[in-house]
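These protein sequence lines map, in sequence, to chains A and B. Residue numbers for the first sequence follow the numbering used here, so the first one is 1 and each next one is one higher. Residue numbers for the second sequence follow the numbering used here, so the first one is 109 and each next one is one higher.
Hints in this document: simulated from the structure, not taken from any laboratory.
27 Å max Cα-Cα, derived BS3-like pairs, lysine-lysine:
(1) B:139 x A:71
(2) A:18 x B:425
(3) A:17 x B:432
(4) A:18 x B:224
(5) B:430 x A:71
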Amino acid sequence: MSELQLRFQIQIQIHMKKWPLWEVFVRSKNGLEHRHFGSLHAADADMALENARDVYTRRNEGVSIWVVESKNITASNPEHNGEMFEPAQDKVYRHPTFYDLPDEVKHM
Amino acid sequence: MSPERKATIMSEEQINNLEKQFEERIARDEKIEPKDWMPEKYRKTHIRQMSQHAHSEIVGMLPEGNWITRAPSLRRKVALLAKVQDEAGHGLYLYSATETLGISRDEMYEQLHTGKAKYSSIFNYPTITWADMGAIGWLVDGAAIINQVPLCNTSYGPYARAMIRVCKEESFHQRQGFEIMLKLSNGTPEQKEMAQDALNRWWWPALMMLGPTDAESVHTEQSMKWKLKRKSNDDLRQQFIDQTVPQADILGLTIPDPDLKWNEERGSYDFGEINWDEFWQVVKGHGPCNKERMKARVGAWERGEWVRDAAMAYAEKSQERKKKQVV
Ligand SMILES: [Fe+2]
Ligand SMILES: [Fe+2]
Chain A
1 MSELQLRFQI QIQIHMKKWP LWEVFVRSKN GLEHRHFGSL HAADADMALE NARDVYTRRN
61 EGVSIWVVES KNITASNPEH NGEMFEPAQD KVYRHPTFYD LPDEVKHM
Chain B
109 MSPERKATIM SEEQINNLEK QFEERIARDE KIEPKDWMPE KYRKTHIRQM SQHAHSEIVG
169 MLPEGNWITR APSLRRKVAL LAKVQDEAGH GLYLYSATET LGISRDEMYE QLHTGKAKYS
229 SIFNYPTITW ADMGAIGWLV DGAAIINQVP LCNTSYGPYA RAMIRVCKEE SFHQRQGFEI
289 MLKLSNGTPE QKEMAQDALN RWWWPALMML GPTDAESVHT EQSMKWKLKR KSNDDLRQQF
349 IDQTVPQADI LGLTIPDPDL KWNEERGSYD FGEINWDEFW QVVKGHGPCN KERMKARVGA
409 WERGEWVRDA AMAYAEKSQE RKKKQVV
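Could you put the whole structure together from the sequences, leaning on the hints where they help?
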């Protein structure tokens, strides 16, 4: 394959490639955590940050933005919510109300 | 596993069971999130409605974009620019919310560009004077707000969250439109006439934005169950008319409906017959600007292709370079 052909092939591959999806997290003010705001498409992380600013913070909704490519997020499967979360349900002793204390005890 | 594949290996009884549980969750006001099991019909209906909604925001930029360079003052220009940019944002919130249902952005664009997907008919009317910017903000965004507010509580989480953001931004749109109308109405006789003319042309199409009459609306019952709808089209239309008529009075403009009059008994305005033939004609693609709008949209997409490709090529090159530096 000539260099020109090779370049053309690469061009086609690039052409087929779509801008990937990014998830956007915004801290609305210091003291609060970053919260998921939505997603967007961008060619790279820098562009994702700029687009996130324009799409999600046009009215001072944020002081800090995180972007992460969606494919890098591992999510739990809601169909397995049973195995995943039910074990916590019968552990009442993890809550303060489980413990019997006389009424005279204050501030506890 | 995709929901379709799963459906093929589940018995009918299992599916019925799941569907029953699903409907009960919605009835309890629980939200449905992207990875939850959902009936195929729910997924499809949401993809259709949400993508249509996104397309409307995007195509909706075109009639107003027409006036950005010709706004009469800098104040009006920055406001209109900001409004149109918001509409782009609304489209993007909604596209990304729709993507969570398993359709890609490119598929949605394809459906819009080939005419397979619809967008709100109102955007197929022309914007021929500056007063149209006022009438659109006041009436079109006004009717959109009435349609959208109930959706902040809809059952599909990503849609509801997108709508909350959209609704927060809409009120500026309507107020800037009303302010334009107010200025013109209090201006020279020619300016007032221009405002009246815009109201004459946008009033009926705005009423049509609330959708076909209840008798002709096919999806209502299912949509009510899934909270895609909270009130019927006719109720929403009545609400729009009742709140807008007093605003027209403030402007000193006349609503172009000889049958419009206050009904003491109902505590609402009676109004004249809507020309539904016109509505269906525009929906079917025979409105004054359907072709122009699609040409502008598809043209922008195609002319932007080299930019999208260049950005991707640059991103990949920088990645390569970074990798080499590490080695
Ligand atoms: Fe909008
Ligand atoms: Fe708007």
